[in-house]
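There are 2 protein chains.
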Amino acid sequence: MAAEKLFTDPYVFWLNGTGTQADIVLSSRIRLARNFNDIPFPNRANLPQLAKVKELVRGALPDLEAATGLRYQYIGIDELTKLEKNVLIEKHLISRNHINSPEERSVLISEDSRVSIMVNEEDHLRLQCMVSGLDLKTPLALAMSLDDAIESSLSIAFDEKMGYLTSCPTNLGTGLRASVMLHLPGLVFTQQIGKIINISPQLGLAVRGLYGEGTEFTGNIFQISNQLTLGFTEEGMIDNLTGTVHEIITHEKAARESLLKSSPDKVVDSVWRAFGILRYARSVTEKEVLILLSKMRLGVDLGIITEVNPQVFNELLVASQTNYLRNLQENENMSQSEIDKKRAEIIRTAILKFAVGG
Amino acid sequence: MAAEKLFTDPYVFWLNGTGTQADIVLSSRIRLARNFNDIPFPNRANLPQLAKVKELVRGALPDLEAATGLRYQYIGIDELTKLEKNVLIEKHLISRNHINSPEERSVLISEDSRVSIMVNEEDHLRLQCMVSGLDLKTPLALAMSLDDAIESSLSIAFDEKMGYLTSCPTNLGTGLRASVMLHLPGLVFTQQIGKIINISPQLGLAVRGLYGEGTEFTGNIFQISNQLTLGFTEEGMIDNLTGTVHEIITHEKAARESLLKSSPDKVVDSVWRAFGILRYARSVTEKEVLILLSKMRLGVDLGIITEVNPQVFNELLVASQTNYLRNLQENENMSQSEIDKKRAEIIRTAILKFAVGG
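Line by line, the protein sequences give chains F and U. Counting in the numbering used here, the first sequence runs from 46 upward without gaps. Counting in the numbering used here, the second sequence runs from 46 upward without gaps.
Chain F with its partners taken away, still in its complex shape (with noise of 0.2 Å):
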């Protein structure tokens, strides 16, 4: 029943609209990469050696639980269908990598979905913990609380002086990635977006796009992670992104305002369109969702558009996803547009079930 929800429900607890900067932040990301004593990494590992982690795992899954306060699906790789892979990374609760070579790969995915544990993806453990709006803060502590109740029993590679021993030397040292997700609609629009991606590399920082590396920017979300991971502590490094991110809120709002006051009518006709036709196709493309959505985001966010919850934007990044789309009707064969049909009907029933004041 648990397990059947996490395909079709497409609420998840980290999209949820709430916390702090929300109109701005879609979510923060707090992600551990760890690995076994011992046991050769996931890439170079045989079957047997793999099945060994998935073992270890399983049998820590209490400590987990006792830790966390969280209850767990255990999920096979190889026991989803090829609908529900995709939407567990539809849903940023997987990676491709993970699904490419699904034996002896597994996921622990917590009720709520706020946490994933990947098991023998790059490496033979990914903790993912993520919360809504910014806050880097909450989503450690409970990696960290994962970390510890791992730590406890199991044997993890560390060096005194590399830290944590990952697949990748980029992971080496802390093996943390803290990312945040950012709808930045005013930056895209004032062109001002290609400053912070050029000189994010300087500040240690990547940009990536809605899915991850090499994902089009489409629906002006971004996501910006730290790239170093060795020779600082994890609150330095949260606290650096933090204060990067708050930087870029500031700019987001100042060019939101700078639009409305260089060309007022052009926003308000743009996001009512959008809402407009949101509001009333009967098809919709994958790609065009994501822009017509981000438009509506923004009137919501102006205050220009008062007719819907914010909430219904979050929603739907998740619920007009293809792959989403497919394993609710449970047909992996629809065609382009019978998806297209769907995804412009669940729109509007998100619409009309996000409307204010009914």
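Keep in mind that the hints were calculated from the coordinates and are not lab data. Treat the hints loosely; a few may be bogus.
Unchecked claim - Within a straight-line C-alpha distance of at most 25 Å, the following computed BS3-like cross-link-like pairs (lysine-lysine) qualify: (1) F:K127 - F:K332; (2) U:K386 - U:K127; (3) F:K386 - F:K127; (4) U:K306 - U:K240; (5) F:K240 - F:K306; (6) U:K311 - F:K386; (7) U:K306 - F:K386; (8) U:K127 - U:K50; (9) U:K386 - F:K306; (10) F:K182 - F:K298; (11) F:K311 - U:K332; (12) U:K298 - U:K182; (13) U:K386 - U:K398; (14) U:K386 - F:K311; (15) F:K127 - F:K99; (16) U:K311 - F:K332; (17) F:K298 - F:K240; (18) U:K332 - U:K127.
Claimed, not checked - Residues from chain U that keep clear of chain F, each with C-beta distances beyond 12 Å, as calculated: (19) L92; (20) S200; (21) L255.
Claimed, not checked - To list a few chain F residues with every Cβ distance to chain U over 10 Å, as calculated: (22) D68; (23) L347; (24) A400.
All C-beta atoms, glycine included, are put in the ideal place defined by N, C-alpha and C.
Following the hints, complete the assembly by docking chain U onto the known chain F.
Same frame as chain F, but now just chain U:
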């Protein structure tokens, strides 16, 4: 008061969405050209002669009212502001030609605007009678009764062989032009309209756009009228035109059916998007509005859109026009962006006004 309403009320009797075949035929119009004996045609008359024509018509006003049971406003063209002149053109009550040399030009307009009599346009009298839907007999009877009332007391130029004498030889004979305004999105979208335009001269018919000769076919609106005025009876002419219009209607209906059959998703999505934009846009250009209105109307006619009464289309054909909007604001110098904003506002109001079931 009544005159005021003429310029600010978008409602025109002959475009009220009622009548036979009203889903395709917007209106039917009869025009008679008449000239007085012993006075040169307007383009060759001097100002005292033009003034004499006006005086004769003004003298006949009680007879016209008695014959038709309608009340008329007598309006001197040179008394109108530029905006008011343009509103009358947008309402199809006077021609552009009529305002070019306004001295001693006038127009009589019945209170419900189903009759307009231009004085000293190309001919001394241009009697125009219009009704909603497909019905050329009613406006012909009305025009004939106006003509009878005039001829009972005034001497009209008539030749036994040539019939009524007119300024332009193309109007000789009956001096009658019958025309029908059609909404033909089906024939446009299935690219069959070209055939009809090409074949019409062979049938003695002319095809024009919304505002007559030389205007574009924006909004998929076409005016079809007889070209020949000599050698036929009035009844023969309107029977001929009515027969052709019935054939066009059959083709239009078949085209709509085939559109819905061949690409239902595209049609349904397209009409709903048009509705969504019209309902929420904050700025709409004059060109775009007719395209959107045509799609919305098609959606209503096909039973896809049930939220709004089809009359919204007819009302907005007048109410969304630039000069009407300018006049409504009593501002000749409205900027393009102000006009486009006002247009969007008028559209939103009209959609709510004509909403079905509130």
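Hints, verified against the model:
1. Distance restraint check for F:K127 and F:K332: the Cα-Cα separation of roughly 22 Å lies within the 25 Å cut-off, and the hinted pair is therefore satisfied.
2. Distance restraint check for U:K386 and U:K127: the Cα-Cα separation of roughly 22 Å lies within the 25 Å cut-off, and the hinted pair is therefore satisfied.
3. Between F:K386 and F:K127 the CA atoms are separated by roughly 22 Å; this keeps the pair inside 25 Å, and the hint holds.
4. Between U:K306 and U:K240 the CA atoms are separated by roughly 22 Å; this keeps the pair inside 25 Å, and the hint holds.
5. A threshold of 25 Å between alpha carbons decides the hint, and for F:K240 with F:K306 the separation of about 22 Å falls inside it, so the pair holds.
6. As the CA atoms of U:K311 and F:K386 are separated by approximately 10 Å, the hinted pair is consistent with the 25 Å bound.
7. Between U:K306 and F:K386 the CA atoms are separated by roughly 17 Å; this keeps the pair inside 25 Å, and the hint holds.
8. As the CA atoms of U:K127 and U:K50 are separated by approximately 17 Å, the hinted pair is consistent with the 25 Å bound.
9. Distance hint between U:K386 and F:K306 is fulfilled; the C-alpha atoms sit about 17 Å from each other, no more than 25 Å.
10. Using a Cα cut-off of 25 Å, the hinted pair F:K182 and F:K298 holds, with the two alpha carbons roughly 24 Å apart.
11. Between the alpha carbons of F:K311 and U:K332 the distance comes to roughly 17 Å, so the proposed pair stays at or under 25 Å and holds.
12. Restraint check for U:K298 and U:K182: satisfied, since their Cα atoms lie roughly 24 Å apart, inside the 25 Å limit.
13. At most 25 Å may separate the alpha-carbon atoms for a hinted pair to count; U:K386 and U:K398 meet this at roughly 18 Å.
14. Between U:K386 and F:K311, the direct Cα distance comes to roughly 10 Å. Compliance with the 25 Å bound is thereby established for this hinted pair.
15. For the proposed pair F:K127 and F:K99, the alpha carbon gap of about 21 Å is at most 25 Å, so the pair holds.
16. Between U:K311 and F:K332 the alpha-carbon distance is near 17 Å, which keeps this suggested pair within the 25 Å criterion.
17. Restraint check for F:K298 and F:K240: satisfied, since their Cα atoms lie roughly 16 Å apart, inside the 25 Å limit.
18. For the hint pairing U:K332 with U:K127, the CA-to-CA distance comes to about 22 Å; that is within 25 Å, so the pair holds.
19. Every Cβ of chain F is farther than 12 Å from the Cβ of U:L92; the closest lies at roughly 47 Å, confirming the non-interface assignment.
20. Separation of U:S200 from chain F is adequate, the least Cβ-Cβ distance of about 59 Å exceeding the 12 Å criterion.
21. No beta-carbon of chain F is positioned within 12 Å of the beta-carbon of U:L255; the least distance is around 25 Å.
22. Under the 10 Å C-beta cut-off, the non-interface status given to F:D68 relative to chain U holds; the minimum distance is some 21 Å.
23. Every beta carbon of chain U lies more than 10 Å from that of F:L347, the smallest distance being close to 13 Å; the non-interface claim holds.
24. Listed as outside the interface, F:A400 is consistent with that label: its C-beta sits roughly 14 Å from the nearest C-beta of chain U, beyond the 10 Å cut-off.
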